[in-house]
Amino acid sequence: MDLREPIDHRVAGRASLALYLQVRIFSKLGKDHGMSYFEFIAKYGDRILSGTLVSMMLTILAAILAIAIAVAAGLMRMSPNPLVRGIATLYIEIFRGTSLLVQLYWIFFVLPLFGITLEKFTAGFIAVGMNLGAYGSEVVRGAILSVPRGQWEAALALNMSSGKRMLRVILPQALLIMLPPWGNLLIELLKGTALVALIAVADLTFQAKQINATTYLSAQSFGTALIVYYIVARFVITPSMRWLEGYMKRKMGRA
Amino acid sequence: MTTEDLLTFPLALQGDHVPMVSFRQVSKSYGSLTVLDSLDLDVAEGEMVTIIGPSGSGKTTVLRMLMTLETIDGGVIYIDGRPLTHMPKGIGLVAANSRHLRKMRSNIGMCFQHFNLFPHMTALENCMEGPVNVLGLSKKEARERSEQLLAMVGMVDKRHQHPSCLSGGQQQRVAIARALAMRPKVMLFDEVTSALDPEVIGEVTNVIRKLVAEHNLTMLMVTHQMGFAKDISDRVCFFYGGRIEEQGTPEELFGNPKRERTQQFLRAVKEAV
Numbered sequence: 001m002d003l004r005e006p007i008d009h010r011v012a013g014r015a016s017l018a019l020y021l022q023v024r025i026f027s028k029l030g031k032d033h034g035m036s037y038f039e040f041i042a043k044y045g046d047r048i049l050s051g052t053l054v055s056m057m058l059t060i061l062a063a064i065l066a067i068a069i070a071v072a073a074g075l076m077r078m079s080p081n082p083l084v085r086g087i088a089t090l091y092i093e094i095f096r097g098t099s100l101l102v103q104l105y106w107i108f109f110v111l112p113l114f115g116i117t118l119e120k121f122t123a124g125f126i127a128v129g130m131n132l133g134a135y136g137s138e139v140v141r142g143a144i145l146s147v148p149r150g151q152w153e154a155a156l157a158l159n160m161s162s163g164k165r166m167l168r169v170i171l172p173q174a175l176l177i178m179l180p181p182w183g184n185l186l187i188e189l190l191k192g193t194a195l196v197a198l199i200a201v202a203d204l205t206f207q208a209k210q211i212n213a214t215t216y217l218s219a220q221s222f223g224t225a226l227i228v229y230y231i232v233a234r235f236v237i238t239p240s241m242r243w244l245e246g247y248m249k250r251k252m253g254r255a
Numbered sequence: 001m002t003t004e005d006l007l008t009f010p011l012a013l014q015g016d017h018v019p020m021v022s023f024r025q026v027s028k029s030y031g032s033l034t035v036l037d038s039l040d041l042d043v044a045e046g047e048m049v050t051i052i053g054p055s056g057s058g059k060t061t062v063l064r065m066l067m068t069l070e071t072i073d074g075g076v077i078y079i080d081g082r083p084l085t086h087m088p089k090g091i092g093l094v095a096a097n098s099r100h101l102r103k104m105r106s107n108i109g110m111c112f113q114h115f116n117l118f119p120h121m122t123a124l125e126n127c128m129e130g131p132v133n134v135l136g137l138s139k140k141e142a143r144e145r146s147e148q149l150l151a152m153v154g155m156v157d158k159r160h161q162h163p164s165c166l167s168g169g170q171q172q173r174v175a176i177a178r179a180l181a182m183r184p185k186v187m188l189f190d191e192v193t194s195a196l197d198p199e200v201i202g203e204v205t206n207v208i209r210k211l212v213a214e215h216n217l218t219m220l221m222v223t224h225q226m227g228f229a230k231d232i233s234d235r236v237c238f239f240y241g242g243r244i245e246e247q248g249t250p251e252e253l254f255g256n257p258k259r260e261r262t263q264q265f266l267r268a269v270k271e272a273v
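Heads up: the protein sequence lines correspond to chains R and F, in order. Quick note: the first sequence, position 15, residue 15 per my numbering, numbers continuous. Quick note: the second sequence, position 43, residue 43 per my numbering, numbers continuous.
Derived by calculation from the structure, the hints in this document are not laboratory data. In this text, a Cβ means the ideal position worked out from N, Cα and C, and glycines have one as well. A portion of the hints provided could be inaccurate.
Pair ranges (Cβ atoms, derived) [to be verified]: (1) F/S164 / R/N184: 20 to 28 Å; (2) F/K89 / R/P239: 58 to 66 Å; (3) F/S164 / R/M57: 35 to 43 Å; (4) R/M78 / F/T71: 14 to 22 Å; (5) F/S164 / R/P180: 14 to 22 Å; (6) R/W106 / F/K89: 44 to 52 Å; (7) F/N256 / R/P180: 54 to 62 Å; (8) R/G246 / F/K139: 22 to 30 Å.
Could you build all of it, start to finish, from the sequences and the hints given here?
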């Protein structure tokens, strides 16, 4: 408890430093175009904010989908049934082995040809979620395999069914092991959502592009987007994952 | 082992004195390495049998096979007269399905060298896990049963601690309570003191002594504690090269070993102390 307070101060300090630098640098740039950075923010702040909210919404929905897919595919990869294993492997190969952008285009432009038409926002988070889910499945599988063998054996010696062994003994321990790599993946996922601007979802990147197109203030528009992504990744996702990790450790009596 | 070979084994053991555990020509090998070579071993109900021997002699494998942690390559194991990893089908035995395995496994409890307590649960939760989730007891019943057992092993004060906060000896005592909470007929102790600091070995061996004295459990134990084995065993088996080289009462085996390998082993152990 006492430990967390100074960390919060530090995080707040770094966030405000990032904002300060942003203002200083862009104020300088802005003067050449007859508009200070403050004026820029005053004028386009609400669009940047709405874009940020769309990006965060996409991130949250894609993350939920990615986690669900990762757990399912990760478990399927360890199935004794070769067909089940094969389906998971095929899925991972396709979604990890091809470009996210092309996958996004497929889901948005090609699926309608097969009678599946998705709204662009939905297509956006599904593409990102399915892609990151493929990466995540390897994280899940690795974490499950790194739970010591003795834990499986003890659960078997208690005569637990294979489902209960996994659910009650292995997964809770695997969860703690997989949290740090998931932190990485979620940041990757946030940045991946920028691609949905290419199918005209009004996310942060799309708004930055629009502002740039009307004002030609490239440094301000894309620079702001850059910093907002950084702030969300560094000051929202990372601390949340750290907190979750600490919480799990305390639950396991390790802290 | 082919199905025809399995035809020579009875579907179940019957009679007045059916052993609680019976190995019949049980073999196990890893590739070209033979771990158990046609082992025959009977353990009567309530008997305490200790297995000693050099490492690699197959003694731990015997326990792991009983817990169904290892498959068996040949022969049949009977628990209370019924085949463990086989089940009757038609006139012979076939490999057991998971339902049969789970039914048979409920007779057996095991404690491990490295305790293997679940780190995300407290001592009490570890003990309650099986009764609640496998036996279907209510939480209240499971808690009563677990607290009773934790009291027996002297760990009731620490029941709300996680394993990471307990010493090795304390963790092993909780592990014994956890296994007993399932009310097994057969208890297996696999080198339960080997990973412990010397000063806490006593607290674990005392619990096992108490079990031997007060309960009619059938027990198999693998240990390197010769003094302890001598004190509490009804019978000691010396394993060598996947077979029982010599067996007998502790007095016979430790006092007057007949085979040369046994003498060599006991001499080497004595010198090491």
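Each hint, compared with the structure:
no. : hint                        : in the structure
1   : F/S164 / R/N184: 20 to 28 Å : holds, 26 Å
2   : F/K89 / R/P239: 58 to 66 Å  : holds, 59 Å
3   : F/S164 / R/M57: 35 to 43 Å  : holds, 39 Å
4   : R/M78 / F/T71: 14 to 22 Å   : holds, 19 Å
5   : F/S164 / R/P180: 14 to 22 Å : holds, 19 Å
6   : R/W106 / F/K89: 44 to 52 Å  : holds, 51 Å
7   : F/N256 / R/P180: 54 to 62 Å : holds, 60 Å
8   : R/G246 / F/K139: 22 to 30 Å : holds, 28 Å
The structure fails none of the hints (numbered hints given earlier).
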